[in-house]
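**Q** Given next are the chains, with one letter for each unit.
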Amino acid sequence: MTREAFIARLREGLRGLPPQTIADIVSDYEAHFTEGLAAGRTEADVGAALGDPDRLARELRAEVGLKRWEEERNPSAAASAVFAVLGLGAIDLLILLPILITVVSTLFGFFIATVAIFFAGGVVFAAGPFAHPPGGPATAILAGIGLMAGSVSGFAILTLLTIGLVNVLVWYGRLHYRLLKPAIEPQPIAAPGRA
Amino acid sequence: MVEAVQVQLKKGVLELCVLALLSRGDSYAYEIASRLAAGIDMGEGTIYPLMRRMQDEKLVETYLVESPAGPSRKYYRLTDAGKASFATQKNAWRAFAGAVNDILGEQQ
Chain A
16 MTREAFIARL
26 REGLRGLPPQ
36 TIADIVSDYE
46 AHFTEGLAAG
56 RTEADVGAAL
66 GDPDRLAREL
76 RAEVGLKRWE
86 EERNPSAAAS
96 AVFAVLGLGA
106 IDLLILLPIL
116 ITVVSTLFGF
126 FIATVAIFFA
136 GGVVFAAGPF
146 AHPPGGPATA
156 ILAGIGLMAG
166 SVSGFAILTL
176 LTIGLVNVLV
186 WYGRLHYRLL
196 KPAIEPQPIA
206 APGRA
Chain B
10 MVEAVQVQLK
20 KGVLELCVLA
30 LLSRGDSYAY
40 EIASRLAAGI
50 DMGEGTIYPL
60 MRRMQDEKLV
70 ETYLVESPAG
80 PSRKYYRLTD
90 AGKASFATQK
100 NAWRAFAGAV
110 NDILGEQQ
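Those protein sequence lines, which keep their order, are chains A and B.
Heads up: the first sequence begins at 16 in our numbering, then just goes up one per residue.
Heads up: the second sequence begins at 10 in our numbering, then just goes up one per residue.
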């Protein structure tokens with residue numbers, strides 16, 4: 016990536032921050048390119064070593080947002096901190112969300128189905144014997160009980176599945192957070208005691 | 010898995026490394042980044058968010074120095090708080106690394 020493209024993407028990613036902050040950050044990276052070129056490297060080489068400008072912009076934004084929250088403690092600062100952190104995970108979230116929605120709606124559908132089968136079983140159990148079913152009233156009663164028992168066990172299995180799914184999500188969330196957190200604010204957690 | 014562990018290890022010690030480099034003498038970001046990139050294989054771009062944070066936390070301060078290669082360079086130097094933080098973090102690291110080495114040694 017050329018110097019121009021790198022700086023342009025960085026600026027794009029930083030949009031919305033105070034102009035002075037953007038100017039400071041951009042001048043840091045401009046200086047880096049200048050030094051690198053003076054040391055005989057190519058623009059592409061320096062750009063590659065710097066890393067993904069979008070990612071850098073996200074981290075820098077998060078840093079500014081969190082810093083503001085630490086200084087101001089008002090709802091607007093809180094919102095900017097939350098959005099900054101959300102922004103960090105944006106790509107993962109976009110991949111995760113459709114999967115999550117699919118799984119949750121499938122589970123929800125199965126839950127509805129088990130409840131419906133339970134009530135259908137109830138109807139067969141209560142009304143079946145009077146409807147002259149093939150095999151006699153006892154068959155209808157047993158079939159009704161069978162349907163209800165089946166739906167209850169289905170419901171239980173679905174509940175276990177849902178709990179497992181939530182556990183996996185929590186695990187994933189924590190993993191995600193632990194990877195991100197040191198990059199954004201390794202010290203602020205430990206620092207207040209020392210600072 | 011190994012990669013994730015390495016990333017976390019590196020991020021954890023990045024600030025300590027910067028403090029150590031600056032304790033040996035003032036430096037500018039490009040030089041710090043090159044040293045870290047060569048030493049522990051970090052992306053050079055990671056240094057700038059870190060330097061901003063350390064500056065906000067008053068661990069380092071900056072001053073400008075005329076450069077032979079064009080515009081003046083922004084040099085970083087440790088503040089007193091930065092020196093104190095370096096001493097604390099260095100001891101914590103030594104204790105931690107020693108304990109981990111002991112445990113690793115026992116298992117071999």
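For the record, the hints were derived by calculation from the structure and aren't laboratory data.
Do not rely on the hints blindly, as some may be mistaken.
[What the hints assert, rightly or not] Part of the chain B face toward chain A, derived, beta carbon under 10 Å: (1) Gly34; (2) Gly48; (3) Ile49; (4) Gly54; (5) Ile56; (6) Arg62; (7) Ser76; (8) Pro77; (9) Arg82; (10) Asn100.
[Unchecked claim] Residues on chain B that point at chain A, a partial pick, calculated with CB under 7 Å: (11) Tyr39; (12) Tyr57; (13) Pro58; (14) Glu70.
Note that the Cβ used here is the ideal one computed from N, Cα and C, for glycine as well.
**Q** Determine for every hint whether it applies to the structure shown.
**A** Evaluated hints:
1. Gly34: Violated, about 17 Å.
2. Gly48: violated, 14 Å
3. Ile49: violated, 14 Å
4. Gly54: holds, 4 Å
5. Ile56: At 9 Å from the nearest chain A Cβ, B:Ile56 passes the 10 Å test, so the hint holds.
6. Arg62: holds, 6 Å
7. Ser76: At about 9 Å, which falls below the 10 Å cut-off, the nearest Cβ of chain A leaves the hint on B:Ser76 intact, so it holds.
8. Pro77: holds, 9 Å
9. Arg82: Since the shortest Cβ distance to chain A is 7 Å, the answer is holds.
10. Asn100: Violated, because the Cβ-Cβ distance from B:Asn100 to chain A comes to roughly 13 Å (cut-off 10 Å).
11. Tyr39: holds, 4 Å
12. Tyr57: holds, 5 Å
13. Pro58: Since the shortest Cβ distance to chain A is 5 Å, the answer is holds.
14. Glu70: Constraint on B:Glu70 not satisfied, violated at 14 Å.
Of the numbered hints stated above, those contradicted by the structure are hints 1, 2, 3, 10 and 14, listed in ascending order.
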